[in-house]
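A.B. asks: Here are the chains, one letter per residue:
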Amino acid sequence: MLLPGLALGAPAQGKDKVVFKVAMLGEGVDSLNPFLGFQAPSYEMWGLTYDYLVGYSMKDMSPEPDLATKWSTSPDGLTWTFTVRSGVKFSDGVPLTAKDVAFTFNRVLAKDSVEGTNWLSYLTGVKSVTAPDATTVVLKLDKPVATLPLLPIPIVPEHIWKNVSESQMKSYPAAPTGGKPVVGSGPFRLVQGSADGSTFKFEANPDYWGGAPHIDEVIFQFYKNDDSAIQAVIKGEADFVEGINALEVKKLQSQPGITAQNGNSPGFDEIAFNAGSTSDSKGTKKIGNPNPAVLDPKFRHALGYALNLPQLITKVYQGAGLPGTTIVPPNYTAYHWEPPADQKMTFDLSKAGQLLDAAGYKKGSDGKRTLPDGKPIGTLRLAARSDSPTSLNTMDYFKTWLGDLGIDSQVSTYSSSQLTNVIYKGNFDAFQWGWYVEPDPDSMLSYLTCAQRQHSSDSFYCNPAYDKLYNEQHVNTDHASRVNQIKQMQEILYRDSPYLVTAYSAIGEAVRSDRFHCLVTQPNPGGIWLEQYGVYNYIHMKPASDTSACDAAPGLTGAVKTSAPADSSSKTGPFLIGVGALVVVALVGGGIVMMRRRTTVEDRE
Amino acid sequence: MSVSDAPSVRRLSTRQLTRQRRLASYRRTWRAFRSHRSGMLGLGILLVFVVVALAAPILADSKGLDVTLANGPVLGAPSSHYWLGTDDNGRSVLTLLIWGSRVSLFVGLSATVISMVIGTLMGLISGYFAGWIGRITFRITEWMLVIPFLPLAIALAAVLGRGLVNIIIVIGVTSWPSTALLIRSQTLSIKERAYVERAEAIGGGRWHQMGRHVLPNVMPMVFANTTLTVAAAILTETTLSFLGLGDPTRTSWGTMLDSAYQVGAITTGSWWFVIPPGVCVVLVVLAFTLVGQALEEVLNPRLRARQ
Amino acid sequence: MSLVAEPGLVAEGEQPEARSRGRSYGSYVVVKVLGSIGSLLFMLLVNFFLFRVLPGNAAQTLGRGRLNTPAQVAAFNKAYGLDKSVPQQFLIFLKSTAHGDLGLSVKYRLPVSQLIMDRLWPTLLLVGLSTILSTLIGVYLGIRGAWSRGSVFDKISTSSSLTLYAMPEWWLGLMLIAGLGVGFAFVPGIFPTGGLHSPDVNPSSLHGVLDTTWHLVLPVATLTLAYLAEYSLIMRSSLLDELGEDYLQTARAKGLRDVVVRNRHAVRNALLPTTTVIALNIGFVVSGAITVETVFSIPGLGLLSTEAIGVPDFAVLQGTFLVASAGVIAANLVANLIYGWLDPRVRT
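Residue numbers (our numbering), protein chains in the order written: chain A, 1 to 605; chain B, 1 to 307; chain C, 1 to 348.
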């Protein structure tokens, strides 16, 4: 009889197979169909199964060759030509050609298609996609687009997907069926898993064009709480945990055999103001009842000097994260604008007071500030998200700092869905939320344009100068000049402060470095190991038993090194003790029961 | 007290007589209850917690609840300064525990009031009225019982939003069915009794009967059931807060456990954050249950017979 | 809930209007079955409209940062039928449910029936096993306790049951994880701390079955301990009620062994009220155990429905609530039928 002990702490890897087990927290996979899913873990699944035309540098996520070895634009920017590498095969042996790329993109372009819901914004302006030969893909645009070549669309096999009709697509699972793995060209093959499930199993693709992975299998297991996942790593049931908090990282850093870190993620948290809520994107009708103070950019900007961001990072983010500045995170070194020292908002309550005074928000006789026309400001309505402790704490601190300036405020909590409703109705003065920013900041910048009001704009900010710059950079194929425009846009936002960016958050991760090494962060240095843009580490990580040098990674630093093994005392000993104890208890209990059965009234009296 | 005892026969009005009889029965009930060891134990525990809850401002400074003022170590172990250690914001766990008792008890009691009022009304109506009123109310009660309770509470909390009053409403509105059923079966059995039939024969109206005969006889059960309902309400509040639906601006034992859970208390070894709130919940709920059980045995004539 | 068993909680469908000896069993069955179908249909209708009051909409909740343009939002809503008016959606809902199609989950883009089937097995394992174990153990403890009333066994059993009854089951689960999963001091943490099975084990193999069992020990223990408290207290209570009856004195005077007196007479009669509660709880099996599923990361139906609330994913909510209600109604129907067969007085 097999002892369940085999499933316990002892490293469950067989002699031949190297298995990398990831404990995932947070959102699960919502769809294995690359045209449908929205959640981050889904992207990880697609990244292992499929390939992309253009990849991301590990240093700063800028475009790099992937399936496309090179690309070029016509001088007017209306034609893009990609050269697809040859010799790539899908997992069922069928070669991958430019036709598969064209097929994939054309499905996205189909009018009102459900494929477009996810990817159409990356093909804005694209009129047609053709594959004149097996290694060339041509995109024809009706206007130049600056975001290209950002194309995070997984390339799917035409010979499989042409059989999925448009009406079938919206519920097509793209999952392994009948024991056969999903057909893709990526470094791994999905052999087991379905969208709502908690376990996903991948096998390495030995014929991967980018070089066979050094591990044989990757298995993802989703957990619902931090402790279970972390304990799984400590006990050895998992080798990696993704998405833990800073306190847990600190605890794990003292654990032998485990390397833990807080990695910078390309996202930010902000305090967003109501910059003028309207009923539609044209701004015809004002709705909601924003406080007149928050409508004034000078008022908002002054408040930027009342935020003690370093204290927020220490107390609310437990030290994991960086104080925020602009909406393009510093990870994106090419696009980030760092405010010069004389413009940077630092924690200076007296300066905040001066700026408020200068803008007309003077303190009244009761110590509370008034509007320029003399009326009291009243109570600012602050909204926090009840499902995020950082949200609540940030707003609690904000309320205190506002109070120090003589401004009353009140914090209400909402669930994320409720807050969305509140925002759309304009019934708020400020709220706390966050965004993830893609390698190309275009979409993030668009969220603050006038046209996005009542869509993705949650601050209702509308500035024609900003919009003008946005439209210009959107079609600007001259990189240097575009970067300049993007930096100008950040400067405008920094000055008008519809968002006060509070923090660039970090994601906690931990790896069994006594079992796996050679993982590299993205961005580098300072970023995260998994859920990157691309699947570099799955391909290049090595088991600790493989003592050969890590794959060459020019310019990258800080690869995870093998560490001393964790306490590998066998767990079967205690397990046997436990079973033995249970058996003894059962026997003794049973014996007592048996002996008692026979009494009658006489015996007992 | 019997009228024949008095040397000079005083004519007592009906009302005075009723009141004297009631007082006597209360005293009897109290005496019977006092002999119940477990009931007294429960009452004792309850008193301790009520005193702590009421005396919270004296026992612990309310400033200790403010996140922005907290400067203790993060998840610090119990020390001479922080007797039960600190939470993930640096606040004293003991302070949170003391102030949390207020919210937990308040929510439990208020939700019970709502639950008992609705439940008793629905129970009386569905038990007493034979026609379609009774049937409809019974169907509604049955429907509420059939729906899985926790998802319904969560859905209701999603609609109302998080807040102290809202969670009271959620618990009150989702927990009345079991009370209603109990009251209903009591009402049914009382309805059968002879004196009610006689009252009907004499010509007493429906509401008169409900008010004068059925209700007072149901009240003892209602009273006993109330304490048990409080126990259930406190458990529910703790569970809903643990699931992230409590009032985020207030601390209750449930929200403490939710924070502990989110922050990875087991991994970080912060037992002082996880065990005390749970123990408090167990003690309070146990106390209410013991009192309720004892009350049931004392007030239910059927059960008293078997002692 | 009352710890004193009250017979006929949901078993009594109608109020006893006449003290007749009851109609035939056949017509009783028909009445009960029709009543259950009626309840189910009522559930269907109410559940559809009930969830429409939930805040938020799927395109905003799921698509934040992904559905960038209004055109994309419109395409999303069109694909999943969210652009239709509520009455239209209701008609579609009626039509497809009549065909057994529970609709498409807007979060997972998969048929709701598939999602429910995927989650059903872990739920049955977790909650079903716990219900069976807790019923058997709880009833036994209640019987023993009542029979040997006042003894050491009774005292320990009753006080433990009361304490367990007062404990939130998820807190018990956390304690068990901390004590037996992680370990402390000299106690080794031998049990897994979460998940239904180890990631790298094939659950259908023999090794996998053992592995799944091993992973289920703590969660099932948690739920079993939580449920059995209630059963043991009710059973003890109703048996104590029964033990005072005259007919039992006769049986003892005749010299029948205690066990026989107890099992064949007293327990049988005392069991009837307990069965009602058990039936109700068996019905609740398919609604899952949300808190335990969260604490132990078991992918069950409870979590499926709670996660759907935040979206809101109407099809999943309608489907899971339907299944849960159907389970309770079916269990109650069975309980009523058994009750009616055993005790003709109930068949009014």
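No lab work stands behind these hints, which were simulated from the structure alone. Check each hint, because a few of them may be wrong.
In silico DSS-like pairs for lysine-lysine, Cα to Cα no more than 27 Å straight-line [said to hold, decoys possible]: (1) LYS111/A / LYS368/A; (2) LYS368/A / LYS63/B; (3) LYS254/C / LYS191/B; (4) LYS63/B / LYS315/A; (5) LYS32/C / LYS425/A; (6) LYS180/A / LYS17/A; (7) LYS180/A / LYS162/A; (8) LYS84/C / LYS111/A; (9) LYS111/A / LYS78/C; (10) LYS425/A / LYS155/C; (11) LYS162/A / LYS254/C; (12) LYS368/A / LYS143/A; (13) LYS399/A / LYS191/B; (14) LYS127/A / LYS84/C; (15) LYS542/A / LYS250/A; (16) LYS32/C / LYS282/A; (17) LYS282/A / LYS78/C.
Away from chain A, derived, C-beta distances all over 12 Å, residues of chain C [said to hold, decoys possible]: (18) GLY26; (19) VAL31; (20) ASN47; (21) LEU62; (22) LEU67; (23) ALA75; (24) PHE76; (25) LYS78; (26) ALA79; (27) GLY100; (28) VAL316; (29) LEU333.
Where is the CB? At the ideal position from N, CA and C, for every residue including glycine.
A.B. asks: Could you run down the list of hints and mark each one as holding or not?
C.D. replies: Here is what the structure says about each hint:
| no. | hint | result |
| --- | --- | --- |
| 1 | LYS111/A / LYS368/A | violated, 56 Å |
| 2 | LYS368/A / LYS63/B | holds, 23 Å |
| 3 | LYS254/C / LYS191/B | violated, 39 Å |
| 4 | LYS63/B / LYS315/A | holds, 17 Å |
| 5 | LYS32/C / LYS425/A | violated, 49 Å |
| 6 | LYS180/A / LYS17/A | holds, 20 Å |
| 7 | LYS180/A / LYS162/A | holds, 18 Å |
| 8 | LYS84/C / LYS111/A | holds, 20 Å |
| 9 | LYS111/A / LYS78/C | holds, 12 Å |
| 10 | LYS425/A / LYS155/C | violated, 60 Å |
| 11 | LYS162/A / LYS254/C | violated, 83 Å |
| 12 | LYS368/A / LYS143/A | violated, 53 Å |
| 13 | LYS399/A / LYS191/B | violated, 60 Å |
| 14 | LYS127/A / LYS84/C | violated, 30 Å |
| 15 | LYS542/A / LYS250/A | holds, 25 Å |
| 16 | LYS32/C / LYS282/A | violated, 60 Å |
| 17 | LYS282/A / LYS78/C | holds, 24 Å |
| 18 | GLY26 | holds, 41 Å |
| 19 | VAL31 | holds, 40 Å |
| 20 | ASN47 | holds, 19 Å |
| 21 | LEU62 | violated, 5 Å |
| 22 | LEU67 | violated, 6 Å |
| 23 | ALA75 | violated, 5 Å |
| 24 | PHE76 | violated, 4 Å |
| 25 | LYS78 | violated, 7 Å |
| 26 | ALA79 | violated, 4 Å |
| 27 | GLY100 | holds, 16 Å |
| 28 | VAL316 | violated, 9 Å |
| 29 | LEU333 | holds, 30 Å |
Checked against the numbered hints listed earlier, the structure breaks hints 1, 3, 5, 10, 11, 12, 13, 14, 16, 21, 22, 23, 24, 25, 26 and 28; every other hint is satisfied.
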